[in-house]
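Participant: Based on the sequences and whatever the hints tell you, model everything.
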Amino acid sequence: MSHEHQQVASSECAELLQQDLIEPSNSRWACEAFYVNKWSKKIRDKLRLVINYQPLNHFLPDDKFPLPNKQALFTNLSQAKVFFKFDLKKAICGVFSPIMDWALIYIDNILLFSSIEKAHVHLLQPFLNIVSSYEIMLSEKKMVIGQKKIQFFGMKLANGQYQSEPHVALEILKYSEESLTKEQIQLFLGTVNYLRDFLPRIARLTCPLEKILKKDAPA
0 MSHEHQQVAS SECAELLQQD LIEPSNSRWA CEAFYVNKWS KKIRDKLRLV INYQPLNHFL
60 PDDKFPLPNK QALFTNLSQA KVFFKFDLKK AICGVFSPIM DWALIYIDNI LLFSSIEKAH
120 VHLLQPFLNI VSSYEIMLSE KKMVIGQKKI QFFGMKLANG QYQSEPHVAL EILKYSEESL
180 TKEQIQLFLG TVNYLRDFLP RIARLTCPLE KILKKDAPA
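Heads up: the sequence shown begins at 0 in numbering that gives the first Met the number 0, then just goes up one per residue.
These are computed hints drawn from the structure, not numbers from a lab. Just to be clear, a hint being listed does not mean it is correct.
To be verified - In the DSS-like style, the derived pairs of lysine-lysine whose C-alpha atoms are separated by at most 25 Å in a straight line are:
id: 1; residue 1: 80; residue 2: 140
id: 2; residue 1: 69; residue 2: 141
id: 3; residue 1: 141; residue 2: 88
id: 4; residue 1: 210; residue 2: 173
id: 5; residue 1: 155; residue 2: 140
Just so it is clear, the structure is predicted and the values come from calculations on it, not from any experiment.
Facilitator: Set out below in structure tokens:
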């Protein structure tokens, strides 16, 4: 983490301590923390702090409500004509998955959708009841109400169809054609894989790069 990011992290931790959401610890356990990406700063007016808790998976029970993959998300939205979107202001304060089987959830984003515009009103009240009951904070700035077009999960959704946001596709162009490190290849393939629905024969085209990762590519 850069010095600039360390300063931001210190400020953010101080804020979380003040809100009594975290507490000081001398535990030997620790997980890597880092900030992502420049686009999140543009949208959220600040960087997004990410903590890699993957090492803890070996010691925790299986999650019965795993995150949906992109294909599953947009399959569910194929008939959607109207949308309500909500962003949890403090995602760590409320875990929706066990109680929201009827809503589409991705990390701190909640999406209500319907193929019939008037039916959405009946979905909204139960959702707000849950928010109130669990004292969950929503971001007023990011609230989207009753729209026929919406941005979600890096995609534009409308009339049962979806297309990539321009900034996601532009990520591909930032990589040099030569001397990519192993980490850069992994990041590049991650972006390409996210856009694979729009890239014919992508598996064949990325095969040479995947082979490089199995060899001694530069670190």
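Participant: If a hint holds in the structure, say so; if it does not, say that too.
Facilitator: Hint by hint, here is what the structure shows:
no.	hint	result
1	80 to 140	holds, 23 Å
2	69 to 141	holds, 21 Å
3	141 to 88	holds, 9 Å
4	210 to 173	holds, 22 Å
5	155 to 140	holds, 19 Å
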